[in-house]
Amino acid sequence: MRYFLRKLLQLVIVVFAVTFTVSLALGAIPYAEERIIAAKGSGAINEEEKNKLLDSLNLREPTLVQYGYFVGDLVTLDWGVTLNGNQPISTSISDGLGISLRLMIYGQLVALLIAIPAAVFAAYRSGGLFDRFSTTVSFGFISTPNYVLATILGLLFTVRWKLFPAISTDVGFFEAPWDHFRNFFLPTIVLALPLAGAYMRLLRSDLVNTLQSDFITTARAKGVSTPRILFGHALRPSLFSLVTAAAVNVGALVGGSVVVETAFNLNGLGRRTVLGIFASEFRLVQITVVILALVYVITNFLVDILYGFLDPRVRVGRLG
Amino acid sequence: MTSTIRSRKRPGVLFGAVAVTIGLVAAACGGDNGGGGESADTVAAAETTAPTETTDIIDPMTAVTPGGTLTMGIEAETSSPWRPSEMVCAISCHMVARTVYDSLMIIGGDNSPVPYLASGMEPNEDYTVWRITARAGVKFHDGTDFDGAAIAENIGRHKTALLTGTAIKTVTDISVDSSDPMTAIVTVEKPWATFPWYLTGQIGYMASPTWLLASDTDEALRAQPVGTGPFVYSDYKPNEYYTGTKNANYWNAPFPYLDEITLIPIADSLKRRDALKAGDVDVVHTTNGEVINEFRSGLDGFSSVEITNNAETGYTLLHVTQEGSPLNDRRIRCALANATDNDIINEVVSFGVNELANGPFSPGQVGNLEDSGYPLVQDMAKAQALIAEYKAENPGELKISLATTNDATNLVVAQYQKDFYEEAGIDEVTIDQIDQGQYIVTALLGNFQVFQWRNHGGVDLDQQYIWWHSSSALDIGSLALNFGRIKDPKLDELLDANRATVDPAEKKQIAEDVNRLFATECYNLWGAYTTWLIAFKSGVMGLDAANLTTPEGARAVEGAGIAGSFFPHTIWRQQ
Chain Z
1 MRYFLRKLLQ
11 LVIVVFAVTF
21 TVSLALGAIP
31 YAEERIIAAK
41 GSGAINEEEK
51 NKLLDSLNLR
61 EPTLVQYGYF
71 VGDLVTLDWG
81 VTLNGNQPIS
91 TSISDGLGIS
101 LRLMIYGQLV
111 ALLIAIPAAV
121 FAAYRSGGLF
131 DRFSTTVSFG
141 FISTPNYVLA
151 TILGLLFTVR
161 WKLFPAISTD
171 VGFFEAPWDH
181 FRNFFLPTIV
191 LALPLAGAYM
201 RLLRSDLVNT
211 LQSDFITTAR
221 AKGVSTPRIL
231 FGHALRPSLF
241 SLVTAAAVNV
251 GALVGGSVVV
261 ETAFNLNGLG
271 RRTVLGIFAS
281 EFRLVQITVV
291 ILALVYVITN
301 FLVDILYGFL
311 DPRVRVGRLG
Chain W
1 MTSTIRSRKR
11 PGVLFGAVAV
21 TIGLVAAACG
31 GDNGGGGESA
41 DTVAAAETTA
51 PTETTDIIDP
61 MTAVTPGGTL
71 TMGIEAETSS
81 PWRPSEMVCA
91 ISCHMVARTV
101 YDSLMIIGGD
111 NSPVPYLASG
121 MEPNEDYTVW
131 RITARAGVKF
141 HDGTDFDGAA
151 IAENIGRHKT
161 ALLTGTAIKT
171 VTDISVDSSD
181 PMTAIVTVEK
191 PWATFPWYLT
201 GQIGYMASPT
211 WLLASDTDEA
221 LRAQPVGTGP
231 FVYSDYKPNE
241 YYTGTKNANY
251 WNAPFPYLDE
261 ITLIPIADSL
271 KRRDALKAGD
281 VDVVHTTNGE
291 VINEFRSGLD
301 GFSSVEITNN
311 AETGYTLLHV
321 TQEGSPLNDR
331 RIRCALANAT
341 DNDIINEVVS
351 FGVNELANGP
361 FSPGQVGNLE
371 DSGYPLVQDM
381 AKAQALIAEY
391 KAENPGELKI
401 SLATTNDATN
411 LVVAQYQKDF
421 YEEAGIDEVT
431 IDQIDQGQYI
441 VTALLGNFQV
451 FQWRNHGGVD
461 LDQQYIWWHS
471 SSALDIGSLA
481 LNFGRIKDPK
491 LDELLDANRA
501 TVDPAEKKQI
511 AEDVNRLFAT
521 ECYNLWGAYT
531 TWLIAFKSGV
541 MGLDAANLTT
551 PEGARAVEGA
561 GIAGSFFPHT
571 IWRQQ
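Protein sequence lines, in the order shown, are assigned to chains Z and W.
Note that this note's numbering has the first sequence beginning at 1, numbered continuously upward.
Note that this note's numbering has the second sequence beginning at 1, numbered continuously upward.
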């Protein structure tokens, strides 16, 4: 329980730091008021409208009052509308989050589906032809920027072979499964391949070590089949690094898929944030940053808690 | 089939990307890297594009197959959609707006405004009072009647707006004729013969007063426009798509032909091209030199039209009245003009698709001159002599700052400019990269010395009034559309004279004088006229705006009044 409370306290501190910084960041932006007015467009210029707009952002309030309003709005979901698009910010963020979450889940699944079997086989035949080949390929995936991958795959699969759309649309899975698949396939692959490379390297390395353990030697001596040794005995204790990396990537991918989203015109949270920055959509950016920070810290919090339950040595060690 | 229309043919000498073009204050502009940045259009949408040939003009319903859908890739999302007085309207904005709104006037085939949604527009003798009559029997999509009150409500909202308000600030009164509820009366403080031009674009778009009122309190409604146009708003997701469905009761039958139209903002021009090739969209527009060259060489299954007439000019904007700035001195400004080698910039950045500019008026615009006096060829010796003369009178280091965006192409242009200016004798040129959002604000506030830009498309000189007249040159720190804060009594005089006359010969003379004045004073450093290309799948028909006719039989000008655009009314799909 003390471990849990300590982690919870860390989470609260991080959340406070993020929300406080974000709420005050607006005031530090040069010409913030002018940019807001310009972003809002011509209708907001008369003094009454201008004051109403600036008041709604609490820009002229003292620091702590600004923070209080910001947190209040955040909690009550009173996020207002975008300056440029007149769209409810809550809708914009939930739409973007939905797209990014799907992309993240698909990307992770595909990456794991590629990485785990490849890593197991590479570790089993460590130093062999497949190991060397997969190592080369995985380094290739890791070192290829995803905008390069997006361009190459895009040209091949969309322009040349016309198998997938060049610009993806957020078509619902239950609405049109085939169109959903077509629209998310390339972004998923572009996102998944570098991840798969990294996951494979991690898992292979851990598996090689595990396969040298005494209990594996014992299992072999007892005549346990190779597939059972690999998948039944060696894989599970080797997943620690992979689980950590995958968990950390959850937060990174939700807001960090901006390159992939931009490359395929997919309007996820990352792309919305970047467009929001360029368009002076300060409130949208503020709230998105807080949400992304929350995703990060909550994910890491859960992983930390999970470690504690999975391996008591972690819990005891960190307390000690 | 590739039907490529080129109105001017000087490949190999073009500018193009000096410009981060921005529309009025186009916070939402997307961009065409390598082709000229983003496009900036405007209040008085009247950037008339007139291709030199006609491709597919048809008589309505004689050869048309109604039905089908069309998806277009447009270059940018629009800021502050979709109330006409608030939209920050570059070309992509007009493409969307024309689906849902009709303008009171359109530019006719003879390059003059003709009534469209209005049935008539009559001035008094000295052009200080205009009577605008609503077309009878027209209803907005929500069932509200279109009448004089609707016109007054719409124009009245522009009066208080930052951008469009500047354009019509000489309007002193807007009312409804007490004896004719279908007529609105607009009074201006001094003669304004060219006022109808302003109703061909954004200020002329008519929105439902019922919806406008409701959206005053419900901001989310502002993104769900209600007009009288050929397509009824169906769905809109910013940065994703805008969809309109056929207005079955459209007042100007047989338009529209399509059942549905979708416009998708795809900022990257190469991605837009790929989307067309992949079949995701049916039509795209672009100013990107690479893409234009590709379509010039011909692509199976696609057609294209190219438009340069009346398009914007890419240029470098100078702040000419900043206290203590060397740019207040004409010699420095003209030195920069002479130092610049636009040929090199155009070849490298725009693949040579544009035509070098010698003034603000592109081919087809009134005032365009074969030789305005502006240097089209680099003359470094002259530039160095001018700067040396200035330095002799003003000792000390000569420094200027050059603003550009974060865009890589624009940075390349800036680096070329820096080299040219320093070779000419400027001691230090600093390049300030500014993000898009702040770039526009910087221009409005006047916090710059040298600034990449693109603007000034159109037909009539009056469309440039707001950009150059001293009444739009507010102090630094105030939002003003005369970005360079030009305060030239001679220029004011010419602009006012043009505004007060309808005599074509006189207007031509005035516009040409303005062109020469700019060349003499070097207020701006001209780059190149923008080339627009509209590329589309074979089987997409009716893109020529001249297919749009009014009930009285007048045809719209080819090019729809804004380079790179068309009227969605007239599009149809060949089965």
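A couple of the hints might just be wrong.
[To be verified] Capping the alpha-carbon separation at 27 Å, the derived lysine-lysine pairs in DSSO-like fashion look like this: (1) Z:Lys-50 - W:Lys-139; (2) W:Lys-487 - Z:Lys-52; (3) W:Lys-237 - Z:Lys-162; (4) Z:Lys-52 - W:Lys-169; (5) W:Lys-537 - W:Lys-169; (6) W:Lys-537 - W:Lys-237; (7) W:Lys-537 - Z:Lys-162; (8) W:Lys-190 - W:Lys-537; (9) W:Lys-391 - W:Lys-418; (10) W:Lys-490 - W:Lys-508; (11) W:Lys-487 - W:Lys-169; (12) Z:Lys-50 - W:Lys-490; (13) W:Lys-169 - Z:Lys-50; (14) W:Lys-159 - W:Lys-139; (15) W:Lys-159 - Z:Lys-52.
[Said to hold, decoys possible] Covered stretches of chain Z (chain W as the covering partner; in silico rule of three or more C-beta atoms under 8 Å from a C-beta of chain W): (16) 30 to 38; (17) 86 to 97; (18) 150 to 158.
Simulated from the structure, these hints should not be mistaken for lab results.
Backbone N, C-alpha and C fix where the C-beta goes; we use that ideal spot for every residue, glycine too.
Find the hints from earlier in the document that the structure breaks and name them by number, from lowest to highest. Of the numbered hints, 1, 2, 5, 8 and 12 do not hold.
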